[in-house]
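Protein chains: 2
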Amino acid sequence: MPEKLTKRSDDYARWYTDVIQRAELADYAPVKGCMVFRPYGFALWESIKDVLDRMIKATGHSNVYFPMLIPESLFKKEAQHVDGFAPECAVVTHGGGKKLEEPLYLRPTSETIIWTMASKWISSYRDLPFLINQWANIIRWEMRPRLFLRTTEFLWQEGHTAHADAQEAQQECSQILSMYRGLVEDYLAIPIVVGRKSEAEKFAGAENTYTMEAMTQDKRAIQAGTVHYFGERFAKAFDVKYQGKNGQLNFVSTTSWGISSRIIGTLIMVHSDDQGLVLPPRIAPTQVVIVPIWKSDDQRRAVMDVAGKLKEMLNAKFCTKIDAREEYSPGWKFNEWELKGVPVRVEIGPKDVKNHQVVLARRDSGEKSSVPQESVLKTVAEMLQDIQASLFRRAGEFMDANTHRVDSYEEFKSTIGEPGGFLSAHWCGDAACELAVKEDTAATIRCIPLDGKPESGQCVYCGKPSERRAVFAKAY
Amino acid sequence: MPEKLTKRSDDYARWYTDVIQRAELADYAPVKGCMVFRPYGFALWESIKDVLDRMIKATGHSNVYFPMLIPESLFKKEAQHVDGFAPECAVVTHGGGKKLEEPLYLRPTSETIIWTMASKWISSYRDLPFLINQWANIIRWEMRPRLFLRTTEFLWQEGHTAHADAQEAQQECSQILSMYRGLVEDYLAIPIVVGRKSEAEKFAGAENTYTMEAMTQDKRAIQAGTVHYFGERFAKAFDVKYQGKNGQLNFVSTTSWGISSRIIGTLIMVHSDDQGLVLPPRIAPTQVVIVPIWKSDDQRRAVMDVAGKLKEMLNAKFCTKIDAREEYSPGWKFNEWELKGVPVRVEIGPKDVKNHQVVLARRDSGEKSSVPQESVLKTVAEMLQDIQASLFRRAGEFMDANTHRVDSYEEFKSTIGEPGGFLSAHWCGDAACELAVKEDTAATIRCIPLDGKPESGQCVYCGKPSERRAVFAKAY
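Chains A and B are the protein sequences, given in the same order.
The first sequence begins at 96 in this note's numbering and counts up by one.
The second sequence begins at 96 in this note's numbering and counts up by one.
With the rest of the complex left out, here is chain A:
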């Protein structure tokens, strides 16, 4: 029997790392801050990537690949951008056995290289909108690494688009936000607050950053994806102009947007439990596992015969595995597949064969039920749907229960400590108040919700008039 996982209530951070390593999703690499995606972890990333890639293409974007090496001079063309990213960069100074004349940065994001190239390709309104995406590895130096959530190298997709005017670029931002929401809510079963970042928290060089914020089981905020609107800032820095229908030259308006492998960390933090991973059926690499149970060789033959037929039937609709290993006991296997978060387990032993039934076990609730063999397919289909819906509902209820409206700074300070969670509070818009709150309480403004209704009130810190609430929280 493998030793038990750390419990969430005993040590949440250790529980998180334990789940990842024990479920064989990932491991630390010999370079500080870097990690290895092991087969199960990469299969999970591939299944998220497949869904998102289809969505990105269905909305008219084409995949591309740009170099990961960016000359220092290009990187410095947009002043805010370089100020924000340079401190996190890794720098190549030697190549091919020689010192380079100009240092090369490993991409921390690709705006600078993409708009350098696109300025060659875009010349007319016919070349717009320019809609591209790339799946790539990214390097941002990380001092306090944590598997998936904070690593020096991570995987992501970065979309970059250029449009004829600001309005079209803003529409792109809305379209991508709703595409991302589709992935995060409908596939990952993660409830989110969608909003705009404050000046202090936005992407270096952006006019606006939009974010999706989820809540972990230790009631912190975690960013699930971001969308940036740049106006003409990068177009001006990289001279990306087009001739309009009337012949005049205009700068394009650009956006960029990304979801990274950090989302796997979010997924774990939102759904998993003291038995290990809990995966939403729609992105689980294995949706159903069949564990045959036998003692004698005769029993083995009879059980494996039925199990094999069930596997074939289920596998036509769901990714189904059969665990026929001889060197492990059924109980050991149950634990293992619970640890790995497989949504439905099918158990079948000699008695089940005789009674033409199987036992189904749900990973989310642990419930077990006996089901006639002829209705297994239908019942499993319904069960998977129900698990998907119930994970989303449960996480939504948790987020709601831990979101608090606070109207005084005393209340703010006491609530952020215990019970914690998301604090919906008025903010005047002044960066000084934001900073003071952060220094006092370690809570930051996660976003100004897009669906927040205008509401008159007083800034929770300084008391000046405010028209809207922001969401404050401690964050990963």
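If you are wondering where the hints come from, they were derived from the structure by calculation, not from laboratory data.
Don't take every hint at face value.
Intra- or inter-copy, both count: the list cannot distinguish identical chains.
Heads up, simulated BS3-like pairs for lysine-lysine below, C-alpha to C-alpha not over 27 Å straight-line [as the list claims (entries may be wrong)]:
hint	residue 1	residue 2
1	Lys331	Lys297
2	Lys428	Lys340
3	Lys404	Lys533
4	Lys416	Lys390
What you are looking at is a predicted structure, and each value in this text was computed from that prediction instead of being measured.
Once you've looked at the hints, dock chain B against the given chain A.
Frame of chain A, contents of chain B only:
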């Protein structure tokens, strides 16, 4: 009308670059030796990748992702390996605003980081075979860059496997070679010679390297993929041991194998012509393009109505595009889709609508034929199959016609200049002869074919006894 492409007979190297840039497959990036995969080029890579990824998974390998940063100390553990690769490496010396204590190499291949990690994961015969693959970007400093063929950064898949013994590892090499042959011959329609590399040409650190060599239209050899057998060399350098069933500790035997985005260069060099790209139907991102032709608005409506229905019908089986752009003439569009190598073009004008027919044009031969609308689907299906087969046959005939058996060094030297091609000649196995031939003629040993029958003869250079012929050629 866009200006004409350079002809192959005028300047083969310039023709190659022209085709790539004009078909918008790729472009040079601001860092010397680096390139950008534009949407059409990346779609081509994705379609090759999809086929190969399915094959890799179907043979039991799992995808993973390892860090691209490799500490210098790990990189130096296998002596031949570091000697071979270090001169081509890019080195990170600064990260997070500080000079690093130990330089980090950008992976030129991942053996060193993978076996460092796997030595933690492999301990028992139950952990074998260990079968992984990763899709990744690779950096090898390139002094004489050429789009796709030689670039400082390129994309590839690298498979890495560990086995209980040498025999099983050798079987893996054979299995992968036959999988690769399936991709290259059946999908890319590229004929190849499969063989073993000489000591001088093999991968740094390998006991054996197997290669697939194709022939370009300027009769040079080009490597389409390689498979390496390492014996216990990396296992010893990185201490990868397992406990066998009988309890004793053994080193694993390892392999690695890769196909890179260079294969796109090979594809172009083998099939394309003076009108531009020629793509085999099975990997063409767009298999069929419909060009509607009209003069009046009435004609436009009637033509677009039929074209739209045809598109829907064809698109259910083949990736089909309709080019309804108003700002370009039909003739311009014909050129454009020829340049982009789309295998079949469907032309439909007012007369065709009236006669319930369309015109089909084949990209490979340029032949045009009128076909009744009701048999378009069937005819296009047959035509795509025929194009696929005929590209492979034509390239095979070209390779055969340009492969020469030579039995004296005089003949060797005169043949390698003109007509050129592959020279099948006896070689004694001595590296000194191989080097002398290379210095004299610029031809290298591409491989010792695996299907070559034992045959007694004399080394073409020194005259000593030889048991087998090798393939010599000038190579990319």
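Checked hints:
Within a single copy, lysine 331 and lysine 297 get their C-alpha atoms as close as 20 Å, which meets the 27 Å cut-off; across copies the closest is 49 Å, which misses it. When the C-alpha separation of lysine 428 and lysine 340 is checked against a cutoff of 27 Å, the pair qualifies only between copies, where the shortest distance is 22 Å, while the shortest distance within a copy is 66 Å. When the C-alpha separation of lysine 404 and lysine 533 is checked against a cutoff of 27 Å, the pair qualifies neither within a copy, at 59 Å, nor between copies, at 61 Å. In the homo-oligomer, the alpha carbons of lysine 416 and lysine 390 lie at most 27 Å apart inside one protomer (21 Å), although the nearest pairing across protomers, at 59 Å, exceeds that limit.
Consistency with the previously given hints fails for number 3 only.
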